[in-house]
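Protein chains in written order, with this note's numbering: chain A, 28 to 143; chain B, 46 to 414.
Calculated from the structure, these hints are not laboratory results.
Remember, it's a predicted structure, so these values are computed and weren't measured experimentally.
Among the hints, a few may not be true.
[What the hints assert, rightly or not] Listed next, the in silico SDA-like pairs over lysine to any residue satisfying Cα-Cα at most 20 angstroms (straight line):
| no. | chain 1 | residue 1 | chain 2 | residue 2 |
| --- | --- | --- | --- | --- |
| 1 | B | Lys295 | B | Ser261 |
| 2 | B | Lys159 | A | Pro143 |
| 3 | B | Lys91 | A | Ala110 |
| 4 | A | Lys46 | B | Lys350 |
| 5 | B | Lys159 | A | Asp92 |
| 6 | B | Lys159 | A | Thr99 |
| 7 | B | Lys344 | B | Gln332 |
| 8 | B | Lys414 | B | Leu339 |
| 9 | B | Lys159 | B | Thr206 |
| 10 | B | Lys350 | B | Thr336 |
| 11 | B | Lys159 | A | Lys46 |
| 12 | A | Lys31 | B | Lys91 |
| 13 | B | Lys91 | B | Tyr125 |
| 14 | B | Lys159 | A | Trp89 |
| 15 | B | Lys350 | B | Pro401 |
| 16 | A | Lys46 | B | Pro401 |
| 17 | B | Lys91 | A | Pro143 |
| 18 | B | Lys159 | A | Pro105 |
| 19 | A | Lys31 | A | Ala110 |
| 20 | A | Lys31 | B | Lys344 |
| 21 | B | Lys159 | B | Ser127 |
| 22 | B | Lys159 | A | Glu98 |
| 23 | B | Lys91 | B | Arg209 |
| 24 | B | Lys159 | A | Tyr136 |
| 25 | B | Lys159 | A | Lys31 |
| 26 | A | Lys31 | B | Lys350 |
| 27 | A | Lys31 | B | Gly88 |
| 28 | B | Lys159 | A | Gly141 |
| 29 | A | Lys31 | B | Leu339 |
| 30 | B | Lys159 | A | Pro106 |
| 31 | B | Lys159 | A | Tyr112 |
| 32 | B | Lys159 | A | Ile88 |
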Amino acid sequence: MITKNLRFPDLETWETLAKELDLYINYPIPSENEGEEPVLVDDWQWIFQSNTHAIDNIGTIWNDDAVWNEETGELITPPTPMAGYHVNYKCNELPASLTSYEVTPQNPYRKFAGDP
Amino acid sequence: MISHLYPASTPSLNLNFKSSRVVDPRISCTRNSTATYVDPVSGLLKTAAANEARVDEDGLLFEEAKTNIFEYSSLQNTSYLSATGTAPTYNYAVAPDGTTTAALLPAGNNQVNKTFYLTATQTFSVWVKSAVVGVHGTSKISLSKGQGTPEASTQFTTTDTWQRISVTRNSTGSNTGLYFQIGQWANQDGPTQDILFWGLQIEENQLTSYIPTNGSQSQRLAELVQITGTNFTSWYNQSQGTMVLKCLQKNQGSTFNIHNGSNNRIASAYGAYYYSVVSNGTAVSQQGGTTKPLNQVFKFATSNKQDDHVLWLNGTEAARLTSGNMPVGTTTFNFFTNHGNADPVRGFVERMTFYPTRVSDDALTILTK
Numbered sequence: 028m029i030t031k032n033l034r035f036p037d038l039e040t041w042e043t044l045a046k047e048l049d050l051y052i053n054y055p056i057p058s059e060n061e062g063e064e065p066v067l068v069d070d071w072q073w074i075f076q077s078n079t080h081a082i083d084n085i086g087t088i089w090n091d092d093a094v095w096n097e098e099t100g101e102l103i104t105p106p107t108p109m110a111g112y113h114v115n116y117k118c119n120e121l122p123a124s125l126t127s128y129e130v131t132p133q134n135p136y137r138k139f140a141g142d143p
Numbered sequence: 046m047i048s049h050l051y052p053a054s055t056p057s058l059n060l061n062f063k064s065s066r067v068v069d070p071r072i073s074c075t076r077n078s079t080a081t082y083v084d085p086v087s088g089l090l091k092t093a094a095a096n097e098a099r100v101d102e103d104g105l106l107f108e109e110a111k112t113n114i115f116e117y118s119s120l121q122n123t124s125y126l127s128a129t130g131t132a133p134t135y136n137y138a139v140a141p142d143g144t145t146t147a148a149l150l151p152a153g154n155n156q157v158n159k160t161f162y163l164t165a166t167q168t169f170s171v172w173v174k175s176a177v178v179g180v181h182g183t184s185k186i187s188l189s190k191g192q193g194t195p196e197a198s199t200q201f202t203t204t205d206t207w208q209r210i211s212v213t214r215n216s217t218g219s220n221t222g223l224y225f226q227i228g229q230w231a232n233q234d235g236p237t238q239d240i241l242f243w244g245l246q247i248e249e250n251q252l253t254s255y256i257p258t259n260g261s262q263s264q265r266l267a268e269l270v271q272i273t274g275t276n277f278t279s280w281y282n283q284s285q286g287t288m289v290l291k292c293l294q295k296n297q298g299s300t301f302n303i304h305n306g307s308n309n310r311i312a313s314a315y316g317a318y319y320y321s322v323v324s325n326g327t328a329v330s331q332q333g334g335t336t337k338p339l340n341q342v343f344k345f346a347t348s349n350k351q352d353d354h355v356l357w358l359n360g361t362e363a364a365r366l367t368s369g370n371m372p373v374g375t376t377t378f379n380f381f382t383n384h385g386n387a388d389p390v391r392g393f394v395e396r397m398t399f400y401p402t403r404v405s406d407d408a409l410t411i412l413t414k
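Build out the structure end to end from the sequences listed, making use of the hints.
Structure below.
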């Protein structure tokens, strides 16, 4: 498998695509209201990995430009966010619906352990 | 004499991970990243390949996904850390992984540090050892918001063997500077003798196994450990049976899940539920009861047949369901995750045993004491 670095406009876009790919699935679970008979209720879960894929939802990546008071630790200027919602996706072949979101950073912010 | 209380049947599965120190070949593991563990025989830090289950001195090891945000964990970049006082000497001694990458922090008012922009609860860990055999130094590792007074510290004394120490700072509620240091603060707590350090890790929440990095953050994925297919059906009895586990959990969640991937399962916990049996989508369950202990070894058993399902914890009854059919066509035993392979529990399993009968309640008391 190979790791692809993906950048989506936002989390919602990624969630929508992930549902279509069965990477974000509803597993109904018994309700937990004490004294009531349990009924099955929605519970959306990420399928973070399988035999054919792995997902790391990194989210926002921050630039290394924060400024803070070194003595007190108080933040003077917060770091600026890089655009988009970032995901590492390990797979044998990137699904067609995700190819337009692939980016190729020179120095990836994060890797899966053991990746070159 | 209590021998007559033991189950009359012979176990069809009996795996002792702690004493055998091996992973039974019927067990499959999905983890699409490498992971480390301390080899129970050599004591060295080893790397398990992707999809290789880990057994350490405690048993079969389970962890959730975690990320080490320290980008040069074995100090490959000698300018990555800042230092005050006498700078460390890099690539000075043999590290826990057998490479000559451990650094020397000399005795005196010396320290190394770095600041990150973070929120959430964070744990900082590092391996330390005496630089000279028999000459043991004392110092501190600390976490703080800035370079002011440390908010959380762990004092340590080095020994002649590598030890991993850690310190945790609770969430600040908003992103801020996380400043960590090894050594002195305000001319106090610098190493009293030369010490070696290596293997730095900063991760969210509680300490987990070491995650090597080299130039970027690195994520170790969770392990999904199962016995499935004929490796499961060869010993499992669909009509009745008793599963006994000796294990330790570091967070609440499913200890086991016997299931068919959808609407048939026996589960020890799911959210607040303690015990549930689902047969063709019809569930019987019991919530509440005794909470499984965290961070201590416990014995746990489920014994099942039609309209007779019980859960035993440490020698006492924890749940009883007097109705409910047996699940149909179960194919898989999940360790420490739910039937959706989610919500992984951190901990280990020392031993698992399956009897192909619903054993007596007296036997369950004995088996789980």
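So, going through the hints one by one against the coordinates:
1. Lys295/B - Ser261/B: Given pair Lys295/B, Ser261/B is violated - Cα atoms ~28 angstroms apart, limit 20 angstroms.
2. Lys159/B - Pro143/A: Between Lys159/B and Pro143/A the Cα gap is close to 25 angstroms, so the pair fails against 20 angstroms, i.e. violated.
3. Lys91/B - Ala110/A: The given pair, whose Cα atoms are some 38 angstroms apart, is violated under the 20 angstroms limit.
4. Lys46/A - Lys350/B: violated (37 angstroms)
5. Lys159/B - Asp92/A: holds (15 angstroms)
6. Lys159/B - Thr99/A: It holds: about 14 angstroms lies between the C-alpha atoms, which stays within 20 angstroms.
7. Lys344/B - Gln332/B: holds (19 angstroms)
8. Lys414/B - Leu339/B: holds (17 angstroms)
9. Lys159/B - Thr206/B: Outside the cut-off at roughly 26 angstroms; violated.
10. Lys350/B - Thr336/B: With a Cα-Cα distance of about 24 angstroms, the restraint between Lys350/B and Thr336/B is violated, given a limit of 20 angstroms.
11. Lys159/B - Lys46/A: Not OK: Lys159/B and Lys46/A at ~40 angstroms, beyond 20 angstroms, violated.
12. Lys31/A - Lys91/B: violated (27 angstroms)
13. Lys91/B - Tyr125/B: violated (25 angstroms)
14. Lys159/B - Trp89/A: holds (17 angstroms)
15. Lys350/B - Pro401/B: holds (10 angstroms)
16. Lys46/A - Pro401/B: Distance of about 40 angstroms is beyond 20 angstroms: violated.
17. Lys91/B - Pro143/A: holds (18 angstroms)
18. Lys159/B - Pro105/A: holds (17 angstroms)
19. Lys31/A - Ala110/A: holds (17 angstroms)
20. Lys31/A - Lys344/B: violated (42 angstroms)
21. Lys159/B - Ser127/B: holds (6 angstroms)
22. Lys159/B - Glu98/A: holds (13 angstroms)
23. Lys91/B - Arg209/B: holds (15 angstroms)
24. Lys159/B - Tyr136/A: Holds. Lys159/B to Tyr136/A sits at ~18 angstroms (cutoff 20 angstroms).
25. Lys159/B - Lys31/A: violated (30 angstroms)
26. Lys31/A - Lys350/B: With a Cα-Cα distance of about 47 angstroms, the restraint between Lys31/A and Lys350/B is violated, given a limit of 20 angstroms.
27. Lys31/A - Gly88/B: violated (35 angstroms)
28. Lys159/B - Gly141/A: This hinted pair is violated, its Cα atoms lying about 25 angstroms apart.
29. Lys31/A - Leu339/B: violated (37 angstroms)
30. Lys159/B - Pro106/A: holds (16 angstroms)
31. Lys159/B - Tyr112/A: Given that 20 angstroms is the threshold and the Cα spacing comes to 26 angstroms, the pair is violated.
32. Lys159/B - Ile88/A: holds (19 angstroms)
In summary, the numbered hints that this structure violates are 1, 2, 3, 4, 9, 10, 11, 12, 13, 16, 20, 25, 26, 27, 28, 29, 31.
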